[in-house]
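A.B. asks: Going down the list, the protein sequences come from chains A and B.
Whatever position you read off the first sequence (first residue = 1), add 203 for our numbering.
Whatever position you read off the second sequence (first residue = 1), add 102 for our numbering.
A few of these clues could be false.
Below, a list of computed lysine-lysine pairs in the DSS-like style, where the Cα atoms sit at most 25 Å apart [said to hold, decoys possible]:
#: 1; chain 1: A; residue 1: Lys434; chain 2: A; residue 2: Lys233
#: 2; chain 1: A; residue 1: Lys404; chain 2: A; residue 2: Lys434
#: 3; chain 1: B; residue 1: Lys149; chain 2: A; residue 2: Lys453
#: 4; chain 1: A; residue 1: Lys233; chain 2: B; residue 2: Lys148
#: 5; chain 1: B; residue 1: Lys149; chain 2: A; residue 2: Lys392
#: 6; chain 1: A; residue 1: Lys434; chain 2: A; residue 2: Lys392
#: 7; chain 1: B; residue 1: Lys148; chain 2: A; residue 2: Lys329
#: 8; chain 1: A; residue 1: Lys329; chain 2: A; residue 2: Lys404
It is worth saying that the hints were derived from the structure and are not from the lab.
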Amino acid sequence: MVGPLSPPLHGAKLVSQVPIGTVFESVAQKYDVMNDAMSLGIHRLWKDSLLHVMNPQPGARLLDTAGGTGDISFRFLDYVRFQRGRRDRRAARANQTLSWQQINDSYTSTEPVQQGSRAVVCDINKEMLKVGKQRAEELGYGTDLSWVVGDAEELPFDDDQFDVYTIAFGIRNVTHIEQALQEAHRVLKPGGRFLCLEFSKVSNPLLSSLYDAYSFQVIPVLGEVIAGDWKSYQYLVESIRRFPDQETFKGMIEDSGFFRVQYFNLTGGVVAIHSGFKL
Amino acid sequence: MFLNGNKALRSIAFARTFTDGVKDNVENKPQFDISLLEFLVCPLSKKTLRYDETTNELINDELGIAYPVIGGIPNMIPQDARMIRKDQEEKEDPTTE
Chain A
204 MVGPLSPPLH GAKLVSQVPI GTVFESVAQK YDVMNDAMSL GIHRLWKDSL
254 LHVMNPQPGA RLLDTAGGTG DISFRFLDYV RFQRGRRDRR AARANQTLSW
304 QQINDSYTST EPVQQGSRAV VCDINKEMLK VGKQRAEELG YGTDLSWVVG
354 DAEELPFDDD QFDVYTIAFG IRNVTHIEQA LQEAHRVLKP GGRFLCLEFS
404 KVSNPLLSSL YDAYSFQVIP VLGEVIAGDW KSYQYLVESI RRFPDQETFK
454 GMIEDSGFFR VQYFNLTGGV VAIHSGFKL
Chain B
103 MFLNGNKALR SIAFARTFTD GVKDNVENKP QFDISLLEFL VCPLSKKTLR
153 YDETTNELIN DELGIAYPVI GGIPNMIPQD ARMIRKDQEE KEDPTTE
């Protein structure tokens, strides 16, 4: 999905009964603006945090479900590139004074050539992907990034294919969350990691009341002013409140067969990162 | 696009090809990245797919479903897919519509 505060009209199947596609697509281009405006830019930090928790290594293959315009995948590829650069620099430094033994080893080394990393953005909304793909081309991302229109509940990918599955601000809008979790489990390789970034529950009462006031009184207004769409953003706020809290969602992930499930609260629990492994 | 007949249309088409030339072609039929087929499957049967260059579709021969590739992006939503009848498929006739 697009961003933390993207309206209900995107991503996987929606809970809402309102006719969806058209409204959503008309707003597609304004999403990033809305996300910045509503979260005061903090959604970027949340997404960065997701990458830090993920800490992907060169060669990792990511499925960025509900990936919208590619925010997570861009970060993933940048992160991996940085890691590789750092490793290469370290190797180069270490190689400055080689012993004959090391040179000999380097010839006989059987270490496999590092496979390129790959990110696949999958979203149910083709307009979002179109915008994302265009952006990727402008930014110079190459063939290590792919775009696929698909449903989180019915993923068009073979079993055991990905090292990491992410769903950022998307699972809230999936009709059958259990179904999406099972699909995540299916497409992950054994040892692969499930990561979800989603709004959650604020426990601090003071922060909670501030957050409520902001959500119900400011966000719909911003939605109306920027995207001309009060209702979608009102729905957005309501859908956030309906989504299961940290512990409940953790239980759901465990029920889908994931192990070592844990979560990290961000911004006092406004958002949480849930993590689990397929073993 | 086959803009036969109508002169006006043809001249518009000419003007377009003249101005955006190669770029226009790329936009109409961006390359589908075949390497995706290593792990892309039919969301219904989870079976492998075949890419048909003539129709620019991903085909599940078993179930007779064709998923369109639009702007280089495969659309794997079953509701957006096209059902193919066996006989038409054998003839490999791209003008089924």
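A.B. asks: Each hint: holds or not?
C.D. replies: To see whether the hints hold, each was checked on the structure:
no.: 1; hint: Lys434(A) to Lys233(A); verdict: holds, 16 Å
no.: 2; hint: Lys404(A) to Lys434(A); verdict: holds, 22 Å
no.: 3; hint: Lys149(B) to Lys453(A); verdict: violated, 31 Å
no.: 4; hint: Lys233(A) to Lys148(B); verdict: violated, 35 Å
no.: 5; hint: Lys149(B) to Lys392(A); verdict: holds, 18 Å
no.: 6; hint: Lys434(A) to Lys392(A); verdict: violated, 40 Å
no.: 7; hint: Lys148(B) to Lys329(A); verdict: holds, 21 Å
no.: 8; hint: Lys329(A) to Lys404(A); verdict: violated, 31 Å
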